[in-house]
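J.: Sequential numbering of the sequence shown, starting at 1, is according to the working numbering.
In short, the hints are calculated from the structure, not lab data. Some clues are possibly wrong.
Said to hold, decoys possible - In silico BS3-like cross-links for lysine-lysine, where the CA-CA straight-line distance does not exceed 25 angstroms:
1) K149 <-> K138
2) K26 <-> K5
3) K184 <-> K138
4) K3 <-> K26
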Amino acid sequence: MKKSKAETAETRRRIILTAVAEFRRKGIHETSIADVMEAAGLTHGAFYRHFLSKDQLVAEACSECTLTSVEAQLDGTSQGDRDRAAAIVESYLSTTHRDDIADGCTFAALGSELARACTETRAAASARVLSLVDAISKRFDDMPPEVAKARAVLAVSAMVGAVTMSRIMTDPDMSETILDDTRKELSRLMQPG
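Using the sequences and the accompanying hints, generate a full structural model.
T.: This is how it looks when you write it as structure tokens:
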């Protein structure tokens, strides 16, 4: 029995969202198409009705992902709302986020793999990062746009880098120090002027 366009679209979306979680959990290279399809409750053969290749799936997964829910949280705030932006930084740079690789930030979980990915995948990931930079830069509406953008680039880079480095550390105290120090520095960055 043939599926409706809506059912087909929903199945495709389920595959993409499942892939995002599986890629975060195991890494892109360690996650097979069969792993994604099994986790989505579908057969391996059904994959090719929706995607031409794993690379296409990875690129589309990058288009879907956000840096946790940072963009969604920022969308609900007004421009210049630095208190909300500071709360988001606090949440992002938490031990809870650090320890939740499967549901956390895709870029902190997969950054080095994405850097080596195909052009299509890197372009999708780049678009998501730039979208976040734009959302954060709007919080600095009292300064010239180029300064606001530079602060936002620094904030995103520091957040992703700190979570990544804190996950690498075998010393729990050092892991927490990385998060705490980055949080403090970004808190200063969020201050007016």
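J.: Against this structure, judge whether each hint is valid.
T.: How the hints compare with the structure:
no., hint, in the structure
1, K149 <-> K138, "8 angstroms, holds"
2, K26 <-> K5, "31 angstroms, violated"
3, K184 <-> K138, "21 angstroms, holds"
4, K3 <-> K26, "31 angstroms, violated"
Checked against the numbered hints above, the structure breaks hints 2 and 4 and satisfies the rest.
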